[in-house]
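Participant: Take the sequences, apply the hints, and build the full model.
Same order as they appear, the protein sequences are chains A, B, C and D.
Be aware that the first sequence starts at 1, since it is given in my numbering, and climbs by one per residue.
Be aware that the second sequence starts at 1001, since it is given in my numbering, and climbs by one per residue.
Be aware that the third sequence starts at 2001, since it is given in my numbering, and climbs by one per residue.
Be aware that the fourth sequence starts at 3001, since it is given in my numbering, and climbs by one per residue.
For the record, the hints were derived by calculation from the structure and aren't laboratory data.
Hints may contain errors.
[Said to hold, decoys possible] DSSO-like, lysine-lysine: derived pairs with alpha carbons at most 30 Å apart:
1) B/Lys1136 to A/Lys209
2) D/Lys3136 to C/Lys2209
3) B/Lys1244 to B/Lys1209
4) A/Lys165 to A/Lys209
5) B/Lys1209 to B/Lys1165
6) C/Lys2209 to C/Lys2165
7) D/Lys3326 to C/Lys2306
8) D/Lys3075 to C/Lys2209
9) C/Lys2136 to C/Lys2244
10) A/Lys165 to B/Lys1306
11) C/Lys2165 to D/Lys3075
12) B/Lys1326 to A/Lys209
13) D/Lys3306 to D/Lys3326
14) A/Lys136 to B/Lys1209
15) D/Lys3244 to D/Lys3136
16) B/Lys1244 to B/Lys1136
17) C/Lys2165 to A/Lys165
18) C/Lys2136 to D/Lys3209
19) A/Lys326 to A/Lys306
20) D/Lys3075 to A/Lys75
21) D/Lys3306 to D/Lys3136
22) B/Lys1079 to B/Lys1209
23) D/Lys3165 to C/Lys2136
24) B/Lys1165 to D/Lys3165
25) C/Lys2209 to D/Lys3326
26) D/Lys3075 to D/Lys3165
27) A/Lys306 to B/Lys1326
[As the list claims (entries may be wrong)] Where chain C lies over chain D, by a calculated footprint (3+ residues, C-beta under 8 Å):
28) 3165-3175
29) 3188-3202
30) 3294-3301
[What the hints assert, rightly or not] From the derived model, a few chain B residues whose C-beta atoms are all more than 12 Å from chain C:
31) Val1043
32) Ile1051
33) Ser1053
34) Lys1079
35) Pro1093
36) Ile1096
37) Gly1103
38) Pro1130
39) Ser1132
40) Glu1144
Just so we're clear, the structure is a prediction, and the values are computed from it rather than from any experiment.
Every residue gets a Cβ at the ideal spot worked out from N, C-alpha and C, and that includes glycine.
4 protein chains.
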Amino acid sequence: MNNQAAVLYAPHDVRIEERPVPHPGPGEVLIEVKAVGVCGSDVHYYEHGRIGSFVVRQPLILGHESSGVIVDVGKGVNKDRIGERVAMEPGIPCGICRECRTGHYNLCADVRFFGTPPIDGAFTNYVILPESFAYKLPDQVSYEEGALIEPLSVGLWACRKAQLKGGDRVLVTGAGPIGIVAMKVAIALGAAEIIITDVSPQRLETARKLGATRTINVAEESLADANRDVDALIECSGNASALKDGIRALRPAGKAVIVGMGPGEEASIPLSFIQNREILLTGIFRYANTYQDAIAMVATGRIDLKSIITGHYTLEQTEQALQATKSDPSNIKSVVVPGQ
Amino acid sequence: MNNQAAVLYAPHDVRIEERPVPHPGPGEVLIEVKAVGVCGSDVHYYEHGRIGSFVVRQPLILGHESSGVIVDVGKGVNKDRIGERVAMEPGIPCGICRECRTGHYNLCADVRFFGTPPIDGAFTNYVILPESFAYKLPDQVSYEEGALIEPLSVGLWACRKAQLKGGDRVLVTGAGPIGIVAMKVAIALGAAEIIITDVSPQRLETARKLGATRTINVAEESLADANRDVDALIECSGNASALKDGIRALRPAGKAVIVGMGPGEEASIPLSFIQNREILLTGIFRYANTYQDAIAMVATGRIDLKSIITGHYTLEQTEQALQATKSDPSNIKSVVVPGQ
Amino acid sequence: MNNQAAVLYAPHDVRIEERPVPHPGPGEVLIEVKAVGVCGSDVHYYEHGRIGSFVVRQPLILGHESSGVIVDVGKGVNKDRIGERVAMEPGIPCGICRECRTGHYNLCADVRFFGTPPIDGAFTNYVILPESFAYKLPDQVSYEEGALIEPLSVGLWACRKAQLKGGDRVLVTGAGPIGIVAMKVAIALGAAEIIITDVSPQRLETARKLGATRTINVAEESLADANRDVDALIECSGNASALKDGIRALRPAGKAVIVGMGPGEEASIPLSFIQNREILLTGIFRYANTYQDAIAMVATGRIDLKSIITGHYTLEQTEQALQATKSDPSNIKSVVVPGQ
Amino acid sequence: MNNQAAVLYAPHDVRIEERPVPHPGPGEVLIEVKAVGVCGSDVHYYEHGRIGSFVVRQPLILGHESSGVIVDVGKGVNKDRIGERVAMEPGIPCGICRECRTGHYNLCADVRFFGTPPIDGAFTNYVILPESFAYKLPDQVSYEEGALIEPLSVGLWACRKAQLKGGDRVLVTGAGPIGIVAMKVAIALGAAEIIITDVSPQRLETARKLGATRTINVAEESLADANRDVDALIECSGNASALKDGIRALRPAGKAVIVGMGPGEEASIPLSFIQNREILLTGIFRYANTYQDAIAMVATGRIDLKSIITGHYTLEQTEQALQATKSDPSNIKSVVVPGQ
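Facilitator: Next up, the structure:
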């Protein structure tokens, strides 16, 4: 077994190098990586070498949207799992703190997350994972779809926080990959109307094809113009105006879920509006308890992930995949396929 | 204007007779009825003259699944509503009691409900309704679909009580009209697997065509045989075994929603199982705050209602419609079309 | 029967004048007012003639924290209610809109609220109310306590939004009347630790006497200094720093309930913190479905309201009561007693 | 260090014997037991050698309501914890299954629980616990109170499931130790009226002294006689009539929480009533995430536990403590104090 890895040394400096094949400890599995999606955060590390307080201080393997096949197991793991095709949940919490015990394991202060300094990720041939974070993929779910269970989890988590109830009018601000996925989940959860905003006509066109009932180009039309009376806002742009205008589009007792990351630590929001309408506002940090459900939704056709895959790359082309995601607004999701 | 009505005088005694056209009071609208679905409860009144403590003591017009067009309005109602196509929510609560104020208006002790003694229903040409219970139908939603917003509301309410979260495994016991509708809603709300049970191969075949991922003929196979690990049970059969075995199929912290009415006031349930797994059990009584959402789901194609309409009748054929619903298991939903 | 009223003509211009005794319509009761608490919003109208977009354009009777005795009833109301001592819920919603039907009647766009332009309030001898908004007071609850069911409702509603679960650590920012009441409710709902902040040593001393486990004078000590790890923030100061620092004191998945009104429409919040910790933020607008429960809590001694009453005034002294509330930080709640 | 233990060999056969002092493994602490409450389940094992499918097949140390002091720590545990006074949460879940990850760790299929065959409990001098299940006791909380954090957790969990909101009317059926504790928690969470039932005048008298606003001796007065309109039922008797009549006392949308264990696997419930009123019924299995909160409530005086301690015993008197709990209805909670 050879283990190649695409390693980020510095902004715009990704090197393919040989790494030892890791050895699964007790309760762990060794997984041969089969597909890895490129996330905006990967691109951000590639461009800037950091995201907020997370700084790449030593060579780092990026990639956290991944799937593969179990090729070896550690002590205590059933050997029957060897050969199992799996999606990998990339954040491993401590399992015993208050957050873990109350079911908010994504908020565990000691979580170790793929491709987040200093934890290596999945742009490589072999990775190790605790077995309970490797989820069996049914035959009808491909490795590429399996990799995208991760961004799908983000969309599913956002929609769960939005407390959709069927028949909702949902506003998604930002038609990038996460906005598109959130929109798809909202539809799959019975949302009736989906209004989606962006400044890119290409992205809005894509959104319309994938199910949006209304698109608004906020470079041309103000979101705040009318009483939109939406049940839920899913903010995926990180834009200050989208945040404010999106909140002002909510009906009384509406829900605002903030997914996009803005430029600063703080943001200005229409607080009087929130008070007078008793709006519920929250944000999401990754996701928890979504993998099994997300896989089931893909397996039974409730969610189609194939339509968002717009590029395929070999492991050697990882840097190219990172660049493509950045440069092309019609690109939704690039996938690196290490085994090819 | 002539106002014909199909009036139940006694079990198996429905007479077509002329009634005065009612006059809309303040805040009310006069609606020309365009479509009325036949419900199992209509059939039960037709067969037995009563349901539990509700007894038909004087001639009664049945029918509560209805739509129509507003033809006149009372004081305080905008005249622009004349000509509006509407679905009719058939239960009018008092609006001021504790249940009404807390949003549980379906539990209002003083609710007046169409076709429930002594309140007349919609198997007639003209009815009166408070304007806020007449919901505008978009052009793309037909009158027949509009009538079926009522049973769709039952399914939507059941699924809301089941707290579906996307990707669920749902067990529906009983593949009659309500079971089928509940299944369709569960799918529309992102349920992944739908296991449905019945003793009629015809009904199970219908369920499979309409989206069930697994059907179980409980005349042949025991539901209790295996650990089904379902997230939610929606019990639509009223059968004692379905209730017990359905609960025993639930995962820890699973939800049981009882929709079907059993033969008696009491029922035996596996209480230790409920305690040890912290199962949540509840029942539904009609629905609340579902109409707007149900219409939106039909209008945007999240739910298809046309596939469950299996028979059309004139107002004069109301009795025939009641009989057809009873006799034929392949019949899902008969619709009476008064204006024809 | 004479009906005196304290009428606000302009800022700092309150006149006592004779008004006709109103006549109860169908479903209404005539109430002889026995006690009226002075609220900060009354003082604000008295000082500025407006609150935001609500402007006093014609002479207005203030006062919305009130109790009294039913002295006459309109059509359809049981005459046995004459003589009943009642607390008055001062906001009358339409009862039929979406907000009313879903139990959020406080968010009804057509709500008519005592002492909010152009609706007259309770600084008078006689008022009219729909009977269902007049709540029977048990013998052991005095009229003055009955009047304070209104601010108690605000505190109870804030705590309900904070989803207290017993044993919580609660941060209340602002030790004014509402902060004090919110603190008392939090304690009554099982909160363990109560940290309360203010810049007035007098108010903090009062808070400590009434149950705060920790007081912080934010003029001297920074709230943001340490990881406070509180379960819930109840922001009652309207201060920008209290809002930000209060949110930053929250534990992962903590709840922020904004009660205090800030100077502007917008406010800056630590959005990254909210996202990374999945904080839930909301605001409250008055309250819904609290009166019955608040009365029961006072009647059974779960909440003591007597300790917050710090001044008594006759109806003729209404202006003096408004001024006292403004000027003295040791003043928590002044009560006008019209019948004296 | 000597380690004495009270070991159950068979019904009515408890022997005091010497056991080796256990050694704390990685992440574990060694605790010198200071107080152990006697639970009804301990008594049941003592009397019958089994509870349902849990059978005492080998000598077993009972006792799961316990506190003590940390005297040694395993690898990875901060040595500063030596000397710390702690309450012990007695059920150790696997930490990685679906139930554990979603916060329902009490429903973990692999939980190991003190004093439940074949896991030894705390009627001994020394026990081992993972450090995260040993909760620091503040100075003002005694060891005896620390031991009773366990039954308090049951009461707190039951009340959380009952979704109390302040001002509730709560019905507790059964005034044994758990009923009394549940009542105390309900009061601490702001319940206004507490109706408690039993057949023992002594127990009812105790309940009245500890805060019940109404007691009903169901040997003399029927619970079902009137419309009780209670918000929540907490069933702590295991009695079939209490279950049925208690449910029938609930208001629309009321909550029923079943704590008491009945004689059989199944029970008959008023299902039509549950359906027509949309009652929520659930049961509890132990508790989750309650220890920290329960300790805080005792430390700040929200809950008084001293009033329920009615007997003290040495470790040698464990059998006597078990017998006393059984025989005397005025006995609420006996505590074994191993170190004496």
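Participant: Each hint: holds or not?
Facilitator: Here is how each hint holds up against the structure:
Restraint check for B/Lys1136 and A/Lys209: the C-alpha separation of about 28 Å stays at or below 30 Å, so the hint holds. A C-alpha spacing of about 28 Å is found between D/Lys3136 and C/Lys2209, which places the hinted pair at or below 30 Å, so the restraint holds. For the proposed pair B/Lys1244 and B/Lys1209, the alpha carbon gap of about 27 Å is at most 30 Å, so the pair holds. Simply put, A/Lys165 and A/Lys209 have alpha-carbon atoms about 24 Å apart, close enough for the 30 Å limit, and the pair holds.
Using a Cα cut-off of 30 Å, the hinted pair B/Lys1209 and B/Lys1165 holds, with the two alpha carbons roughly 24 Å apart. Restraint check for C/Lys2209 and C/Lys2165: satisfied, since their Cα atoms lie roughly 24 Å apart, inside the 30 Å limit. The hinted pair formed by D/Lys3326 and C/Lys2306 fails the criterion: a straight-line CA distance of about 45 Å is larger than 30 Å. A distance of roughly 46 Å separates the Cα atoms of D/Lys3075 and C/Lys2209; the hinted pair therefore is violated under the 30 Å criterion.
Only pairs whose Cα atoms come within 30 Å are accepted, and C/Lys2136 paired with C/Lys2244 is rejected, the gap being roughly 41 Å. Under the criterion of a C-alpha separation no larger than 30 Å, the hint pairing A/Lys165 with B/Lys1306 is consistent with the structure, at around 23 Å. The suggested pairing of C/Lys2165 with D/Lys3075 is violated, with an alpha-carbon distance near 35 Å, which exceeds 30 Å. For the hint pairing B/Lys1326 with A/Lys209, the CA-to-CA distance comes to about 44 Å; that exceeds 30 Å, so the pair is violated.
For the given pair, D/Lys3306 sits about 20 Å from D/Lys3326 by alpha-carbon distance, which is consistent with the 30 Å threshold. Restraint check for A/Lys136 and B/Lys1209: satisfied, since their Cα atoms lie roughly 28 Å apart, inside the 30 Å limit. A distance of roughly 41 Å separates the Cα atoms of D/Lys3244 and D/Lys3136; the hinted pair therefore is violated under the 30 Å criterion. Of the supplied pair hints, the one linking B/Lys1244 and B/Lys1136 is violated, its CA atoms being roughly 41 Å apart against a limit of 30 Å.
Distance hint between C/Lys2165 and A/Lys165 is fulfilled; the C-alpha atoms sit about 25 Å from each other, no more than 30 Å. Of the supplied pair hints, the one linking C/Lys2136 and D/Lys3209 holds, its CA atoms being roughly 28 Å apart against a limit of 30 Å. Using a Cα cut-off of 30 Å, the hinted pair A/Lys326 and A/Lys306 holds, with the two alpha carbons roughly 20 Å apart. For the proposed pair D/Lys3075 and A/Lys75, the alpha carbon gap of about 21 Å is at most 30 Å, so the pair holds.
Note on D/Lys3306 and D/Lys3136: the hinted pairing holds, with a Cα-Cα distance of about 19 Å set against a maximum of 30 Å. Between B/Lys1079 and B/Lys1209 the alpha-carbon distance is near 44 Å, which puts this suggested pair outside the 30 Å criterion. Note on D/Lys3165 and C/Lys2136: the hinted pairing holds, with a Cα-Cα distance of about 20 Å set against a maximum of 30 Å. Restraint check for B/Lys1165 and D/Lys3165: the C-alpha separation of about 25 Å stays at or below 30 Å, so the hint holds.
About 44 Å separates the Cα atoms of C/Lys2209 and D/Lys3326, which puts this hinted pair outside 30 Å; it is violated. Distance restraint check for D/Lys3075 and D/Lys3165: the Cα-Cα separation of roughly 44 Å exceeds the 30 Å cut-off, and the hinted pair is therefore not satisfied. Between A/Lys306 and B/Lys1326, the direct Cα distance comes to roughly 45 Å. Violation of the 30 Å bound is thereby established for this hinted pair. Counting residues of the region 3165-3175 of chain D whose beta carbon lies closer than 8 Å to any beta carbon of chain C gives 5, which meets the minimum of three for the stated coverage.
With a cut-off of 8 Å between beta carbons, the region 3188-3202 of chain D has 6 residues touching chain C; three or more are needed, and the interface restraint holds. With a threshold of 8 Å between beta carbons, the proposed coverage of the region 3294-3301 of chain D by chain C holds, since 6 of its residues qualify and at least three are required. Chain C leaves B/Val1043 outside its interface by the beta-carbon criterion, the shortest separation being 30 Å against a cut-off of 12 Å. With a cut of 12 Å on Cβ distances, B/Ile1051 stays outside the contact zone with chain C, its closest approach being about 26 Å.
Non-interface status of B/Ser1053 relative to chain C is upheld: no Cβ of that chain comes within 12 Å, the nearest being about 26 Å off. In this structure B/Lys1079 is separated from chain C by more than 12 Å, as the shortest Cβ-Cβ distance comes to about 19 Å. Distance check on B/Pro1093: its Cβ comes as close as 9 Å (rounded) to a Cβ of chain C, failing to clear the 12 Å threshold; non-interface status is violated. Once the 12 Å rule is applied to beta carbons, B/Ile1096 is inconsistent with being away from chain C; the minimum gap is 4 Å.
Chain C draws B/Gly1103 into its interface by the beta-carbon criterion, the shortest separation being 3 Å against a cut-off of 12 Å. Non-interface call for B/Pro1130 relative to chain C: violated, since the shortest CB-CB distance, roughly 7 Å, does not exceed 12 Å. A Cβ of chain C approaches the Cβ of B/Ser1132 within 12 Å, the least distance being about 4 Å, so the stated non-interface status is violated. The beta carbon of B/Glu1144 is kept farther than 12 Å from every beta carbon of chain C, the shortest such distance being approximately 26 Å.
The earlier numbered hints that this structure contradicts are 7, 8, 9, 11, 12, 15, 16, 22, 25, 26, 27, 35, 36, 37, 38, 39.
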